[in-house]
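Enquirer: Sequence:
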Amino acid sequence: MALTPPPSPNLLQVSVKSSSSPCLSPSVHYLLFGSPCSNASPFLLQKSGLPLLPVAVKPSSLERKIKCFITRSYTKEDRLNEPETFSAEDVAGGDDEDGGSEDLDLQQNRGSAVASPRIASSSSDSLSLGIREPVYEVLEVKSNGVVSTSRINRRQLLKSSGLRPRDIRSVDPSLFLTNSAPSILVREHAILLNLGSLRAIAMRDCVLIFEYNRKGGQAFMDTLLPRLNNMNGGPCMPFELEVVEAALLSRTQRLEQRLMDLEPRVQALLEELPKKLTVDILEQLRISKQTLVELCSRAGALRQMLLDLLEDPHEIRRICIMGRNCTLKRGTDDVECSLPLEKLIAEEEEEEIEMLLENYLQRCESCHGQAERLLDSAKEMEDSISVNLRSE
1 MALTPPPSPN LLQVSVKSSS SPCLSPSVHY LLFGSPCSNA SPFLLQKSGL
51 PLLPVAVKPS SLERKIKCFI TRSYTKEDRL NEPETFSAED VAGGDDEDGG
101 SEDLDLQQNR GSAVASPRIA SSSSDSLSLG IREPVYEVLE VKSNGVVSTS
151 RINRRQLLKS SGLRPRDIRS VDPSLFLTNS APSILVREHA ILLNLGSLRA
201 IAMRDCVLIF EYNRKGGQAF MDTLLPRLNN MNGGPCMPFE LEVVEAALLS
251 RTQRLEQRLM DLEPRVQALL EELPKKLTVD ILEQLRISKQ TLVELCSRAG
301 ALRQMLLDLL EDPHEIRRIC IMGRNCTLKR GTDDVECSLP LEKLIAEEEE
351 EEIEMLLENY LQRCESCHGQ AERLLDSAKE MEDSISVNLR SE
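So for the sequence shown, full-length UniProt numbering puts the first residue at 1; every next one is plus one.
These are computed hints drawn from the structure, not numbers from a lab.
The beta-carbon is built from N, C-alpha and C at its ideal position, and this holds for glycine as well.
Each hint should be verified, as a subset may be incorrect.
[What the hints assert, rightly or not] Straight-line alpha carbon distances no greater than 35 Å define the calculated DSBU-like cross-link-like pairs of lysine-lysine that follow:
| hint | residue 1 | residue 2 |
| --- | --- | --- |
| 1 | K289 | K276 |
| 2 | K343 | K142 |
| 3 | K343 | K329 |
| 4 | K159 | K215 |
| 5 | K215 | K379 |
| 6 | K289 | K215 |
| 7 | K379 | K276 |
| 8 | K343 | K159 |
| 9 | K329 | K159 |
[Said to hold, decoys possible] Now the in silico label distances, taken between C-beta atoms and shown as ranges:
| hint | residue 1 | residue 2 | range |
| --- | --- | --- | --- |
| 10 | E382 | D334 | 17 to 27 Å |
| 11 | E137 | L341 | 33 to 43 Å |
| 12 | L270 | R154 | 46 to 56 Å |
| 13 | A181 | D376 | 17 to 27 Å |
| 14 | S150 | K329 | 35 to 45 Å |
| 15 | R187 | E352 | 14 to 24 Å |
| 16 | D222 | L339 | 32 to 42 Å |
| 17 | D383 | N359 | 35 to 45 Å |
| 18 | S150 | S180 | 18 to 28 Å |
| 19 | S338 | S180 | 39 to 49 Å |
Please construct the entire structure, taking both the sequences and the accompanying hints into account.
Expert: Right under this line is the structure:
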């Protein structure tokens with residue numbers, strides 16, 4: 001009766017079931033003996049039914065051979081099928097010049113998914129995950145009229161103005177398509193102006209102008225600087241209110257100037273068309289009509305913004321208390337100040353701001369109405385020409 005040796009931690013038991021080869025499989029033979037298979041093998045292979053053959057192997061030697069065998073059998077397909085996992089250390093380490101290489105023991109402890117060669121050796125993948133902080137080139141105008149240019153990143157801008165990231169989006173030039181509607185946003189320490197191509201942040205003692213080389217920024221500067229020179233000569237409105245009025249004035253004047261340039265040209269076309277019908281005149285009428293549509297849209301958007309602001313006394317009072325030791329009482333929006341004089345000044349400024357906004361609202365209404373009348377006349381002339389051409 002054959003005796004089966006007791007199990008031992010130092011014994012490797014191999015079950016041999018194939019007799020088609022005179023030796024063990026090459027991988028098993030290499031694992032056990034460290035050399036390729038030879039014809040002079042100590043094993044005689046028979047079909048299934050033989051007892052397990054115990055082979056004495058040193059634990060340290062066996063462990064090294066198993067690691068080697070597993071490493072060799074780790075194919076490229078396994079690496080491709082492996083999910084990529086990014087940890088915080090991997091992303092932070094991507095900025096290093098050496099690509100974030102680590103010690104072998106640390107990689108084994110993390111696991112094969114985290115320590116894949118593709119993640120450990122490539123710093124460009126980690127850099128692509130980071131978002132570059134935007135840097136703005138702004139024109140800074142002090143309350144005394146001093147002008148300077150500077151570059152400021154978003155973090156510094158938020159810290160200096162007391163704004164939040166969602167506030168900056170309303171004046172961010174890179175988001176022109178998403179924030180094209182005119183707006184005046186009032187915050188605790190700043191007023192954000194978005195009027196056409198003018199994007200600015202007005203604070204207590206300075207104003208920051210984005211894209212100051214555009215027409216809106218240049219028109220704003222031409223309007224603001226003379227007002228600041230007069231402001232230094234005597235008492236007038238607070239600086240931030242001067243900035244708001246200069247922005248509204250420059251924007252309204254640009255719309256009015258465009259209407260003044262367009263109106264005589266459209267009137268001349270309307271008088272000439274019934275007598276002289278040419279392709280050139282029809283093309284001029286079409287271009288003028290498109291310009292009128294754009295002018296009506298911009299004047300109407302500015303008018304609606306001013307109307308919404310006038311109907312919101314909370315926003316107007318927030319403008320009045322900027323830079324003062326005052327607060328708005330919850331529920332009633334009443335102004336509460338530590339000094340009675342400051343409350344009196346805030347109430348007077350509230351009336352001035354309402355009169356100011358109403359003035360520019362009337363000017364926008366007039367510009368919008370005149371542009372609409374010209375547009376209606378151009379459409380009627382176009383329809384009349386179309387009917388005459390069909391009748392012929």
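Enquirer: Confirm or reject each hint.
Expert: Tested hints:
1. K289 / K276: 18 Å, holds
2. K343 / K142: Since the Cα atoms of K343 and K142 sit roughly 26 Å apart, the hinted pair holds (cutoff 35 Å).
3. K343 / K329: 13 Å, holds
4. K159 / K215: 29 Å, holds
5. K215 / K379: 30 Å, holds
6. K289 / K215: OK: K289 and K215 at ~23 Å, within 35 Å.
7. K379 / K276: Satisfied, since the Cα-Cα distance of roughly 17 Å is no more than 35 Å.
8. K343 / K159: 28 Å, holds
9. K329 / K159: 26 Å, holds
10. E382 / D334: 17 to 27 Å: 55 Å, violated
11. E137 / L341: 33 to 43 Å: 41 Å, holds
12. L270 / R154: 46 to 56 Å: 51 Å, holds
13. A181 / D376: 17 to 27 Å: With Cβ atoms ~25 Å apart, the hint holds.
14. S150 / K329: 35 to 45 Å: 38 Å, holds
15. R187 / E352: 14 to 24 Å: At 20 Å between Cβs, range holds.
16. D222 / L339: 32 to 42 Å: For L339 against D222, whose Cβ atoms are near 37 Å apart, the range 32 to 42 Å holds.
17. D383 / N359: 35 to 45 Å: 37 Å, holds
18. S150 / S180: 18 to 28 Å: 26 Å, holds
19. S338 / S180: 39 to 49 Å: 41 Å, holds
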